[in-house]
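Chain by chain, the residues run as shown.
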Amino acid sequence: MKGGAIMEKLAGILKEIKSDVDYGKESRLFTDGILTSLDMVRLVLGINELFGIEIDPDDIITENFDSVPAMMKLIERYGGK
Amino acid sequence: MARIVTDYLDETARLYPDKAAFIDEKRTMTFSVLKEESQRIAGRIIELGLRKKPVVVYLNKSVECIAAFMGTAYSGNFYSPIDTKMPAERIHKIIDRLKPSAIITDESHMAEAEEFSQDAKVILYEEAQRVPADVGAVEAAKMSVIDSDVLYVLFTSGSTGTPKGAIISQRGIIDLAEWAANELGFNHETVFANQTPFYFSFSVYEIYQTLKHGALTYIIPEKLFVQPAKLMRYLDDNEINTLVWVPSLLQMLSQFGVLNRPHVNSLRNILFGAEVFQTKHLNRWRNEYSGARFVNLFGPTEVTDTCTYYEIKRPFADDEMLPVGYSCENKDCFLLGDDDKLITQPDILGEICVRGSGLSYGYYNDPENTTKAFVQNPLNTSYPETIYRTGDLARYNEHGELVYVCRKDFQIKHLGRRIELGEIEAAVSSVEGIEDCCCLYDSDRLIITLYYVGKNDSGNLSEALKKLLPDYMIPGKYIKLPEMPHNLNGKIDRQKLKAMMKGEN
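Protein chains in written order, with this note's numbering: chain U, -11 to 69; chain X, 5 to 509.
To be clear, the hints were calculated from the coordinates, so they are not data collected in a lab.
Watch out, some of these pointers could steer you wrong.
Stated by the list, open to error - Only part of the chain X face toward chain U is listed, based on derived beta-carbon distances under 8 Å:
1) M256
2) Q259
3) G261
4) K459
5) S462
6) G480
Quick reminder that beta carbons are idealized off the backbone N, C-alpha and C, glycines included.
The shape of chain U in the complex, shown without the other chains (with noise of 0.2 Å):
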């Protein structure tokens, strides 16, 4: 799987999380509140249902998801597709 498809699905899920977020810049979305709880919910069940794959509990963690190549890698080591 190439990473340039799933950054473009990862950008999906993440435009319609909030949309006003510039994801490319930033490097710590959940260590400073940019994105909350709630959106951890979201983000966690729409990489689950598009890419196929099951995040276990013990990942989801700031350092996983405080920007999006360390999503992207998360992703991978899934072999999410």
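Could you slot chain X onto chain U? The hints should help.
Leaving out everything else, chain X in the frame of chain U:
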């Protein structure tokens, strides 16, 4: 029996001086230290010659907030917590209304506090702790306090764009605390994990039950709210037995499937309120924690947080609504129809109205909003008797339980916070380039949707709103329209917009 809230702390500091009272990420505060630090704060306030005056507490959520609250109470004044993350614009509106005499803050927030302080004296927490309290002066100030004196003012969302400050008395909190202790069975072994911010009414459970019984409250570190498995481990590690949480967080843990990761063996009481708990998720909690008590608490800030409660005992289908139940002891909740007649029959819609010594005195420096909501009981024509009209519509079900239906106006609940869509609209309208706007709440997807007409794009609009509104009030979705639909009266056609919103889903 306690008369004022500082009686609670005096008693528990005597009974359990070295027991932990409040624990946050940085510090554990015992009851004796809490009393000591509270009295030092009180000493500083008394030196300023203040009595029955508003004191703002502007601190990050921490154990020191509790000492600042109690210090204010000891001094014979009343506190009003302001969130340190609140946009400056909204803080200014609150300060203009409250006109505080003092602001308690710390070194890291001093510059901001001085900026909005106006005539208020800024008290630095660290500095106040350097001087031992004049215990005689604090005792004398405390003795002058009576139970009808104001304890705190909490600001809630207001539709004209200005927050409303609900005034709560000492008596209101004692009334709630005594009922809650008896009915919900709190005691000195209760261990709370506090979730709600202290500027949010629901937190009075942890604060005052801890002070009353010598219980223990852990203040959950903010970062755990987005890390479900870590949050569950935190509850387990600290042997938490009682949660008083908003349903959205309980639902989140259920959605992530972590209710048993790990199973928190110590958990006994799961209390929730301030918004609707989706029954599907409640049922998952009940399955996993079958030995625990589940209680739905209902009420606005203006009745000292809670006016009805419902303990969930019977099974509920996933699509069934939970009742809000019955009046708390010493509060009387009743339904009034459009004609102000009392409703007693099932399935007739009426407005929930409340009587009792827990009622707020009204909104601070705001006679206009006060007289709208706090009115003479229309059922009593013989003597003055104030009731609070909640603006919540409800009905009785076939069991005689009260069931919440909806808001009378356009107020919504989002993430457990009460928001008047009008306040968001007022902020949006104030942004340069906006011609018209309307806010709707998409309750299926829990998103505030903004429809607007103007030159702005969603990026610069949301940037502008961040300076005006707290985070939880910022719309999640922006839809630019070439023209706003209006109905025949010239009002914005909300029904048409709602249909559009449904169509998009």
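Which hint numbers doesn't this structure obey?
-> Violated: hint 4 alone.
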